[in-house]
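Top to bottom, those sequences are chains F and A.
If you're matching positions, the first sequence starts at 1 in this note's numbering and goes up one per residue.
If you're matching positions, the second sequence starts at 435 in this note's numbering and goes up one per residue.
Check each hint, because a few of them may be wrong.
Unchecked claim - Just the calculated beta-carbon pair ranges, DEER-fashion: (1) Gln79(F) to Phe1186(A): 36 to 44 Å; (2) Ala160(F) to Pro1235(A): 23 to 31 Å; (3) Arg845(A) to Asp66(F): 27 to 35 Å; (4) Gly513(A) to Asp66(F): 43 to 51 Å; (5) Phe1186(A) to Ser21(F): 32 to 40 Å.
Unchecked claim - A few chain F residues facing chain A, derived, Cβ under 8 Å: (6) Val24; (7) Gln147; (8) Gly157; (9) Ala160; (10) Arg161; (11) Ser163.
Hint data in this document are derived by calculation from the structure and do not stem from the laboratory.
Virtual Cβ for every residue (Gly too), placed ideally from N, Cα, C.
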Amino acid sequence: MATKVIMPKLGNTVESSVILSWKVKPGDHIDKDAVLCEIETDKATMDVPAGVEGTVLALLHKEGDDVPVLEAIAVIGNQGETWQEGPETAQNPAVGETQAIPAASEPRESAPTASPPPSNAQKTTAAEVSATMSSSMDKHASPRARQAMSQLGVNIGDIARGSGPNGRILERDVVAASQQEAIPYASAPQSDKGPGQALVEPAQEFEEVPLIGIRKRIAARMLNSIQTTAQYTEHSSADAERLLSLRARLKAQKNPDVAGITIGDLVLAAVVKVLPEFPEFNAHLVDGTLKLYKPVHLGVAVDTPRGLMVPVVRNAQNLSLTDISKEVKRLAQACQNGTIAPDSLSGSTFTVTNLGAYGIDQFTPVINAPETAILGVCTVRPTLVQTDAGVETRMRIGLSLTSNHQVIDGAYAARFLKRFGEVIADIDFLFMSF
Amino acid sequence: MPKSLPIEPNEVRKSGTLKIAEIPINQYRRNFEQEKERFGEAGLLAMLHDMIVVREFETMLNTFKTMGAWEGIEYNHKGPAHLSIGQEAAVVGQAAALDPDDFIFGSHRSHGEILAKCLSAARKLDDAKLVPVMEAWLGGETFGYAKRMPHSDTFSLARNFIVFGTLAEIFARKAGFNRGMGGSMHAFFLPFGSMPNNAIVGGSADIALGSALFKRINKKPGIVIANIGDASMGCGPVWEAMTMASMDQYRTLWPESAGGAPPILFNFFNNFYGMGGQTNGETMGYGVLARVGAGVNPDAMHAERVDGLDPLAVADAVLRKKKILLEGKGPALLDTITYRISGHSPSDSSSYRTKEEIEEWQNNDSIAEFSKYLMENGILGEAELGTMREGIHRTLFEAVKLATNEDACPRADGRFIESVMYSNKKVLKLEDRASEMLQAGDDNPRVQSIARRARFALDADGKPLPKNKVYQLRDGIFEALLYHFKQDPTMAAWGEENRDWGGAFAVYRGLTEALPYPRLFNSSISEGAIVGSGVGYALSGGRAVVELMYCDFLGRAGDEIFNQASKWQAMSAGLLKMPLVIRVSIGNKYGAQHSQDWSALVAHIPGLKVYFPATPYDAKGMMHLALSGTDPVVFLESQLLYDMGEQFEKDGVPQDYYEIPEGVPAVRKAGKDITIATYGATLYRALKAAQILEEKYGVSAEVMDLRFIAPFDYEPLVESVRKTGRLVLASDAVERGSFLHTIASNVQGLAFDWLDAPVAVVGSRNWITPAAEMESIYFPQPEWIIDAIHERILPLRGYTPSTAQTSQEIARRYRAGV
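Whole structure, please, built from the sequences with the hints as guidance.
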């Protein structure tokens, strides 16, 4: 009997997800746990498992389609079984009698699945298998707690165990998680507050500002990053004499695109140069699998009135220095104006954040999960350096690299920084043809 | 317990022999000239006519039930048809003796009574009265059909109306006398004195008594007959009704001007069978049913046996009894023998009687016999009889054609049924005349006592005042009652120890001084008849307040509450009103049979309103609400609260009239972390729990007093739950089957997305109520509520439960049935 696989709901606020790629085609046999397709939300990229074993009878959407959650995306059944939309499917499961779908057949793009009438959905006896995230199934949260999660931008994964009867996640656990407080366990002895006290407020000495929009999303993503990765930061610096002189020379050019190239743009170009040499830095870590990306989709942190945004310079390895500079300016402006397309805010493989303009010597950037590292660029300042010529003052640029120790060890990160420093020091070489 | 009637030992210990009054058996002797003078030739012919109408009508129904068709008209009547073929003379003879003002209440086998009583009344009303009655009924809907049937004069039009209205009712049609809401076993037609027929055996006995009380107390003309069967003599409520109708006080204590005993005739249509049980020789032991009268009062209830195969014998007996009843010397009893030739119902194969027996009664057929009698006396010829039969048949045929036509004669819809479950009228006085009162103002000792009391329970510093200086919950009920007694001249109250004693819990203290006898009296210990007579009083047009001293006695009035008070408004299609307040006091301390809260039982019955105040302010305001309405209200009162002062309304209980908005629960303490909602006395334990939660565990509890069971407005409760996300429900009713589970289920449906935990219900243990000293292990205590919160909703830090309230424990209890 044919089973519809539906677009999983990957979070309370997710209303739709984009199908990035199909991993099967109609006619393929697929195992229950095998990946059917890869999808992307505004927060993450996910694999959708088949959920049932069988033959792929139909793919109901194209790659790149934005599909509402809980809508059918594919149909899996017995080989040779025909499938058609509507209640007939369930009532007449003609197994192996009519023609099998040829392996080469196209996905049924035109199948009328956009808004199946609810009555049909009710009549069909085909079990609609939801490919849900396994982590959310082990836990139970009260309806009110789920509502609070969605309001406070907390994921169920953010809460290890609820404090309610039998570990039920209660509203107070969600509130605690959103405030990054220790989750009050019912059974664990605690020295400070009683569990009820989190809910009891003294006289109002503060203004309550609920997190909404980008702020809410940042809060959730940053907390998730900290809670799901093993972050550490290494600080270093690189000789910036040539960086400054190159920047000075570029600035003197008449072509405004060239004159507009900044220190930051040069640093990004250096990142694009170095990343392919350290593939683990241009990667995603998802559910125990490290995905090493060939192209460099470079995330660039941008400070906006609404909060931090990270637009993505796609396929930066193919771009010239001028192109990188122009693209970064365009994206940053769009972020400032609030006109940035959602597509431009997801899919980065490595992120650079630059606080040099604020005179920051070093800091500990937070990884833009599921990426594996983030490079913090600090201020350029004169530094005493021992050289063959004795002690001299040279301009150096600070670098703070946060890496996920789950996949990047300290020495490896140090080698990345060392190599990156060399590229910065000899930045001119980057644009020469030998 | 009046002091004016001393019990003298010397008197009651004297020896002697009790003489039982003689009971006549079939002593009537026909005298044609006398009867012709009494009824006229036309009246005698009318009796025969009506007997044939009843016979033909029932034969038609029997044919439909057994053959699915009659005279070529096919129709499947799915409902019941309890026929009385063979009993026509008895019902027609009775009806011939009655006026439209006389009421008859009947049984499931009452098609004949309806037809006979209505035909008789139609003849006795002049056209100027008759036509408007028919035109007004159901906005003229039924009459519209009658007019489409052939007719030659007003009476034949009325015959159309009666035959069609009854048949359409049996076939559940919207144009039926009761819009199809009553059906075969409950059809009736008020304006002609045909009152509700009752499908519960003997069910009409105490209701008819109430109707007779209404006539007596409100000085209305006519008598009331309870037409019940011989087998109902085995029913408790019949005995209760006969006992209560025979109380000495009508003669010894009620003022002479009241007119004496309620004018009720208990007429037993004695067909010798109760379904298949033979009352004569098998299931009863009275020998002659009329004998029972001798056991009830010194007049032997003026009982006699009368030959129900002779309409003249029956009419003669009823006329004589009516005279006695109008003199206030009732009650009366008739043992009207008759015989049901048809089966109990069409499925009856008569396995309990022989063919020969049936044949012998057929040989005594009343119609053949009475036709012959009229012919012999020269007032009827064969041709005239044929014409009569033909006319009847044509009327019946036309009525059947209309009433079986699905298109011409539709049924009511669900919205209509919903609209008649309650009447929801607001009527302060049911009749516009002065109320009879004695001391009802400042001269009343209770009024004076209340005037000395503080109407708020706390002093200026928030400290409780002494109980005996505070206006109590019982005072609130009293004040409201007194107000309505003054307003509504029809209002009367009765129950056990209501007068002199002032009610077992002193709610009525002062009413003895305020009210003359008929308006407040002590009843026999007959819970069924107490409530049942209230039902009859209310549906006849008066306002009644009856009392059950303990909720545990509610079982004794089960039918009257569950089947009668609750259902008659809807079964009459809203034509009857039921302004009846049933005060039910919920006990404690007295163990298993005096301490149960049975609110769930009444909550389960559609048609009842159920109120349960827990504060003096509410007790008064809700009693005003109950006594200004027209619906049956079960008014629950907790004995734990009678002396409770008002703690919530800071201005105290108002002296003036006010009503609590119906169905709306009240917030007694605001809070934001959890809602605790209760019924009755549990409120005060919930407040204690809230205090502990707040002071020791920093949990802010909102406490709600649900106070209404039906109708109930969920919105305020859901609003509270939306805020707090958590709900505990508590009451003193045992947990299993508690109405709180209905509340819980609905709140979980209405507020699912706001809930942080499933709703918890805390009730009394599923045990017998133990002794007073052990009640704290039985009734919900403050710590039970906190334990349930800790175990099932919101674990509290450092809290150790003292009772088992876990889900697992609940499962265990259910497994064990406790």
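Each hint, compared with the structure:
1. For Gln79(F) paired with Phe1186(A), a C-beta distance near 42 Å keeps the hint of 36 to 44 Å intact.
2. Between Ala160(F) and Pro1235(A) the Cβ separation comes to about 25 Å, which falls inside the hinted range of 23 to 31 Å.
3. Range check, Arg845(A) to Asp66(F): about 53 Å between beta-carbon atoms, so the 27 to 35 Å window is missed.
4. A hinted range of 43 to 51 Å for the beta carbons of Gly513(A) and Asp66(F) is inconsistent with their spacing of about 60 Å.
5. For the pair Phe1186(A) and Ser21(F), the supplied restraint of 32 to 40 Å holds, since their beta-carbon distance comes to about 38 Å.
6. The closest approach between the C-beta of Val24(F) and any C-beta of chain A is roughly 37 Å, which is over the 8 Å cut-off, so the hint fails.
7. This hint holds: Gln147(F) has a C-beta 6 Å from the nearest C-beta of chain A, less than the 8 Å allowed.
8. With its C-beta approaching chain A no nearer than about 20 Å, Gly157(F) sits outside the 8 Å limit, and its interface hint is violated.
9. At about 16 Å, the closest approach between the beta carbon of Ala160(F) and any beta carbon in chain A exceeds 8 Å, and the interface hint on this residue is violated.
10. Because the beta carbon of Arg161(F) sits about 12 Å from the nearest beta carbon in chain A, more than 8 Å, this interface hint is broken.
11. The interface hint given for Ser163(F) holds, since its Cβ lies 6 Å from the closest Cβ of chain A, which is under the 8 Å cut-off.
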